[in-house]
Structure formats: C-alpha cells, structure tokens
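Spelled out, the chains give:
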Amino acid sequence: MSIILKAEKLSKWYGNVLGISEISIEITSGIHGLLGPNGAGKSTFLKIASGQLKPNIGRIKIFGEDVFNNYKLFSKIGFCPEYDSYYKEVTGLEFTLFVAKCHGFEGVKAEQAAESALKRVGLTENKVKLISSYSLGMRQKLKLATSIVHDPEFLILDEPLKGIDPIWRVKIIEMIKEFESQGKTIIVSSHILPEVEAMTNNVILIHQGKIFAQGDIQEIRDLIDTHPHKISVKCDKHRLIANKMINSDFVLNLQFKDRENEVIINTNNRENFFDSLMRIIVDNNINIQEITSPDDNLQAVFDYLIGR
Amino acid sequence: MIIKKDIRNIFTFFLKTGLRSKRAKLFFFFSLIPVVILIIVKIYEILHPENKISTLNLFSDVGLTFYFQLFIQLISLFYGSSVISDEIENKTLVYLTTSPVSKSSILIGKFIANFIISAIIILVGLFISYLIPNFSNFFELKCLKEVFTFCGIALLAILAYFSLFIFIGSFLKKSVLIGIVFIFGWESVVQFLPGSAQKLTIAHFVKSLLPTGLTQKGGFLMFQLKASSYAESVITLLFLSLLFLTLSIIIFHKKEYILSDTN
Numbered sequence: 001m002s003i004i005l006k007a008e009k010l011s012k013w014y015g016n017v018l019g020i021s022e023i024s025i026e027i028t029s030g031i032h033g034l035l036g037p038n039g040a041g042k043s044t045f046l047k048i049a050s051g052q053l054k055p056n057i058g059r060i061k062i063f064g065e066d067v068f069n070n071y072k073l074f075s076k077i078g079f080c081p082e083y084d085s086y087y088k089e090v091t092g093l094e095f096t097l098f099v100a101k102c103h104g105f106e107g108v109k110a111e112q113a114a115e116s117a118l119k120r121v122g123l124t125e126n127k128v129k130l131i132s133s134y135s136l137g138m139r140q141k142l143k144l145a146t147s148i149v150h151d152p153e154f155l156i157l158d159e160p161l162k163g164i165d166p167i168w169r170v171k172i173i174e175m176i177k178e179f180e181s182q183g184k185t186i187i188v189s190s191h192i193l194p195e196v197e198a199m200t201n202n203v204i205l206i207h208q209g210k211i212f213a214q215g216d217i218q219e220i221r222d223l224i225d226t227h228p229h230k231i232s233v234k235c236d237k238h239r240l241i242a243n244k245m246i247n248s249d250f251v252l253n254l255q256f257k258d259r260e261n262e263v264i265i266n267t268n269n270r271e272n273f274f275d276s277l278m279r280i281i282v283d284n285n286i287n288i289q290e291i292t293s294p295d296d297n298l299q300a301v302f303d304y305l306i307g308r
Numbered sequence: 309m310i311i312k313k314d315i316r317n318i319f320t321f322f323l324k325t326g327l328r329s330k331r332a333k334l335f336f337f338f339s340l341i342p343v344v345i346l347i348i349v350k351i352y353e354i355l356h357p358e359n360k361i362s363t364l365n366l367f368s369d370v371g372l373t374f375y376f377q378l379f380i381q382l383i384s385l386f387y388g389s390s391v392i393s394d395e396i397e398n399k400t401l402v403y404l405t406t407s408p409v410s411k412s413s414i415l416i417g418k419f420i421a422n423f424i425i426s427a428i429i430i431l432v433g434l435f436i437s438y439l440i441p442n443f444s445n446f447f448e449l450k451c452l453k454e455v456f457t458f459c460g461i462a463l464l465a466i467l468a469y470f471s472l473f474i475f476i477g478s479f480l481k482k483s484v485l486i487g488i489v490f491i492f493g494w495e496s497v498v499q500f501l502p503g504s505a506q507k508l509t510i511a512h513f514v515k516s517l518l519p520t521g522l523t524q525k526g527g528f529l530m531f532q533l534k535a536s537s538y539a540e541s542v543i544t545l546l547f548l549s550l551l552f553l554t555l556s557i558i559i560f561h562k563k564e565y566i567l568s569d570t571n
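Just so you know, the protein sequences line up as chains A and B, in that order. Reading the first sequence from the start, the letters are residues 1 to 308 in the numbering used here. Reading the second sequence from the start, the letters are residues 309 to 571 in the numbering used here.
Isolated chain A (complex conformation) (with noise of 0.2 Å):
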C-alpha cells in the first residue's frame, strides 16, 4: 500500500507552548481517526498536513511532496477546518461553486459539482440561504460540502460531525465509509469516541503533543497488559462458568451480578480465555444471552494509554 502522507518528527510549538512534538507518522489509504483530547495536538498536527502552518522541525510530505506553499497539491486535497468560520453576505451555493471554481471547474461542471456536493451533505434546500442564517450544523455540513466539491484523493476532516444532527451523523458517517470503499485516504479527527468508532478500527491516538499509539484499536488494546481485558458473560449458568475458570492461570479475577445472571471475568490471555469459554459452554450446553467486552472499546483504550 503507498504512503499518502509521510510525517518525520514533527514538532511544532507557539511561543513556549507546544503544540506538537517529535510526530513521526505514515498514513496509507483508508480512514484514520485521529484521537485526543481538546489540547492534544490534533488540530496542530491538521494544521501542518493541510499546509496552514510551518513546522518548526521536521517534514511532511503528501503524495511525496511538500505541502506548506504548495499550492498545487490542493487539488488533491479536501480539508474540512474546525472553525466556525464563513463569508457571511453570500449563499451556500455561491460559496461552493466558488470553492468549485477555485479548483478548476468551469461554467455547468462547477455548477454541477457545486450542485452534487450540496446535494451529498443534504443542503439542497437550503442551498440559496445567505450563509449567516445558517444553523451550526447546516454550516458544518457546508464546509463538508467544500471540502468534497472536487472529489479529492485525500480528505482531511477537522471535527466533521461537530454541531449535526444524528440522522445526518449518520449519513455523513456512511459518506467517509463511501469515499474509503473508494481507495480514498481520510483523516478524522474527533475528540467524540463513538464517532471515529462507527467509521474505523484504525485510530492515531495523540495527548500531549506526541502520538500514543496507532493501528487497530483491538491490537492496540491487546498490547495494554497492565490493564487486563474485562468479560462479561450473561447466561443463566453464569456460576458454573466461574467455577470452571476459577483455577485457570489466565483469569485474574471475577465478579458476581447475580441479579442480571452475569459474571464478569478478568483475564490477561484474550484468546485463551475465549478458547476455554467455549469448550465450557459446548460441554454443559449452556445458553448464553451476551458476551460482551466493557473496557474493548476505544475510550478505554484512550483512558487506559492516557493514565485516567
């Protein structure tokens, strides 16, 4: 798989404040969710990608090039800010048959371009409205609709879903899952969870300048062992399984919900414990209602690499 974009040890600061430090990064095509907290580095690290600000040390290539002055480069590009920022005395259409134009279409192709990004964020209706009695949203979706205007290779999404309502959430979720299944390369950045979770497993997390972790939410959790894997298994012999595993080295320790028939097992061997769980429950015939894995999500993952 080729290299869209190749960071080496990027550091940016502003006056004695850092923003991010030492990032060394490769991104290939597929979705990226760029995880931290407010303050993590995200937007720095976007800011540089998208050729707004300089490092102070370090490089950043896109398509093996560089990017700050770069301007050619942009027609590869769809960057969609964080800022609530816009032209307040023109219309959403006017505006993206602009950014249209600024990326080389011409006459009816910038009409139709403009037209179909608009379309995509659902902003038809709306499309003639001056910009400024927008809603949040319908200003988000906007700066989505530029951001897609030229059917970019590479997308970069600063807090995307920011101010939208969730049937659109959901639309525009589907939307990145689209330009993925595409061969597209897009980076989400979200300090929202969930979000980045409904779109991929393959996750940057970044706090305090510096990249925590990278790659698969499920190899990166699988690498915490200080933290070990919580299970929780639903079934109306949940005590037999417990008394079954009690004594086996990979279970650290259990606890009882009797009142919902659960027991949740701590294990430090994922796969072990999996493998013993069902030889139990083949042997005894046991129906099981739910297992599930409470800390295998991404913001226990962030938690646990964080130290909250």
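Simulated from the structure, these hints should not be mistaken for laboratory data. Bear in mind that the values here come from a model prediction, so they are computed numbers and not experimental data. Hints are supplied without guarantee of correctness; some may be wrong.
Here are the in silico distance ranges between beta carbons for each label pair [unchecked claim]:
| id | chain 1 | residue 1 | chain 2 | residue 2 | range |
| --- | --- | --- | --- | --- | --- |
| 1 | A | E111 | B | R328 | 50 to 56 Å |
| 2 | B | L546 | A | E8 | 43 to 49 Å |
| 3 | B | F456 | A | T124 | 48 to 54 Å |
| 4 | A | N69 | B | P519 | 45 to 51 Å |
| 5 | B | K330 | A | G15 | 31 to 37 Å |
| 6 | A | G15 | B | S496 | 35 to 41 Å |
| 7 | B | L378 | A | K177 | 58 to 64 Å |
| 8 | B | I566 | A | T124 | 32 to 38 Å |
Below, a sample of chain A positions facing chain B; criterion: calculated Cβ distance under 8 Å [unchecked claim]:
| id | residue |
| --- | --- |
| 9 | Y86 |
| 10 | Y87 |
| 11 | K101 |
| 12 | H103 |
| 13 | F105 |
| 14 | K244 |
| 15 | Y304 |
Note that beta-carbon positions come from the ideal geometry of N, C-alpha and C, so glycine has one too.
Given chain A, put chain B in place with the hints provided.
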C-alpha cells in the same frame, strides 16, 4: 492563463460579496456627505443669489478636503488592510489557502476587487460633488478635463494608500489602528515640518497633482515646501504602489498566519 483564471475567480467572488456588504453601504453613505452639503448650499444659492456663499468655493474648501484629506485615506485603510486581515480575523483564509490557487493570485484578485469597490464609492461622490457647482457649464471642455483630472488623481491616491495598507495588513494584527495613526499622525504632522520632510508622505505627492487654481482658493494645500512636479508625483505614487504591493505578496507568501487558538 491558469493564473489569470484564478485571479478572475477570486476577483469576481470578492467584488460581488464586497458590493453587497454593509461596509460598502456605510462608506457609500459617508461619501455622499459633501454631496448633501453642496445640494443644500446650491438650493440656498439659487434662492438667495445676493449671498456670498458659493458652491464652487465650497467644493474646493469642503469637497476636496473631505475626499483628498480624509476619505480616500480612510476608505483605503479599511479596504486595503482588510484584503488579508479580514480573512485572518474571520478565519476564512483557510478556504483560500487550501485550494489550488497561488497566494499571489489570492492577493491580486482580492486587491483588484477591493480597489474597484473603493474607487466606485469615491468617484461617484467626487463626481456628483463636482457636478453640483458646475451643473450649468458641466459639458464644457474645461470642466470635463478638470473632473477627469480629479478622478484620475483620486484613483492614483487610492492605489498608493491602498497598497500601503495592504502591506501593513499583511504582517500586523492591528493594522487599522496603525493606519489611523499614520493618516492622522504622520501624514498630517509632517505637512507642517520645514525642509523636504513632507516628501516622506503620500499626501504631498497627491496634493502636488491637484490643480492649484482651485485649491489655492480654499487654502487646501498647506505646503511648507513647493509642490513636486506632476511627473515626479505620478512616478512616485506608482512606484510606491508597486513596491508595497510586491512586498505584500512576498509577506503573504512567506508568512504563516495562525487563525485561532490552537489545540
């Protein structure tokens, strides 16, 4: 050709939005202040022909002072400095710099749009102000020549001040404040200094171009120094415009603009 198309796109967008803006409407309203005063005086002049107040004197005393001493500088300041600073303050620069358009095209396109808006506002007011006292003999060659001279000088003045304020706006955050200090401080005070210090102002070269017959009547030009020649004035104003514009393009190209608090 691509550069030309980019400039045209930027120009068209900002001309359209600029003409619709509240700022343009406000400046247009202010530009008509001398017109209103002259209309009132003209009516009074017609009703009381024995009175000594004349619109012709008033045009050189009030009209020219208003446009050449104050309004051109102010409109150039607000429109010139806003070419870049508006984009930074409103955080809209990101839409321009993340499109495949060179920074030079962005600056030139927006400069032309804002310059044309300022010129329209100034020239309409100046033209009507001139028309009111000269209504009966307006189509005489002398009058036509004079009004076009005023308009030409106004355009040159706007160009020079505009370029200076784009330059200031390209690297200073509080460009309007600095510009006001420049207009009401430097440009005004240096006029009264002895020696050739006033050649360090744009106002000197603009005033040197104004027809002296009219301006002497109103005592508009207060020169400690002899006026510079027309050729020297025109060349200096054009040179300064080109210099400041070039510097603005270089700064805009090199400078990193931080649009908001970072996280």
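Do the hints match the structure? See the list:
1. Our hint of 50 to 56 Å for E111/A and R328/B is violated, since their Cβ atoms are close to 20 Å apart.
2. With their beta carbons about 47 Å apart, L546/B and E8/A fall inside the hinted range of 43 to 49 Å.
3. F456/B and T124/A have their C-beta atoms about 49 Å apart, which keeps the hinted 48 to 54 Å range intact.
4. Range check, N69/A to P519/B: Cβ separation about 47 Å, and the 45 to 51 Å hint holds.
5. For the hinted restraint 31 to 37 Å between K330/B and G15/A, the CB-CB distance of approximately 35 Å keeps it satisfied.
6. Distance hint check for G15/A and S496/B: the Cβ-Cβ separation is about 37 Å, which falls inside the suggested range of 35 to 41 Å.
7. The given range of 58 to 64 Å is respected by L378/B and K177/A, whose C-beta atoms sit roughly 59 Å from each other.
8. Take I566/B and T124/A: their Cβ atoms lie about 35 Å apart, and the range 32 to 38 Å holds.
9. Contact between Y86/A and chain B, as hinted, is supported at the beta carbon level, the nearest pair being about 7 Å apart and thus within 8 Å.
10. A distance limit of 8 Å between C-beta atoms decides the matter here; for Y87/A the minimum to chain B is near 6 Å, and the interface restraint holds.
11. Checking K101/A against chain B by beta carbon gives a least distance of about 5 Å; that is within 8 Å, so the hint holds.
12. The beta carbon of H103/A is positioned within 8 Å of a beta carbon in chain B (closest approach about 6 Å), and the interface hint is therefore held.
13. The restraint placing F105/A at the interface with chain B is violated, with a minimum CB-CB distance near 10 Å, outside the 8 Å limit.
14. Given the 8 Å rule on beta carbons, the hint for K244/A is violated: about 50 Å separates it from the nearest Cβ of chain B.
15. At its closest, the beta carbon of Y304/A sits 22 Å from a beta carbon of chain B; the interface hint therefore is violated under the 8 Å criterion.
Going down the numbered hints, you'll see the structure goes against 1, 13, 14 and 15, while the others check out.
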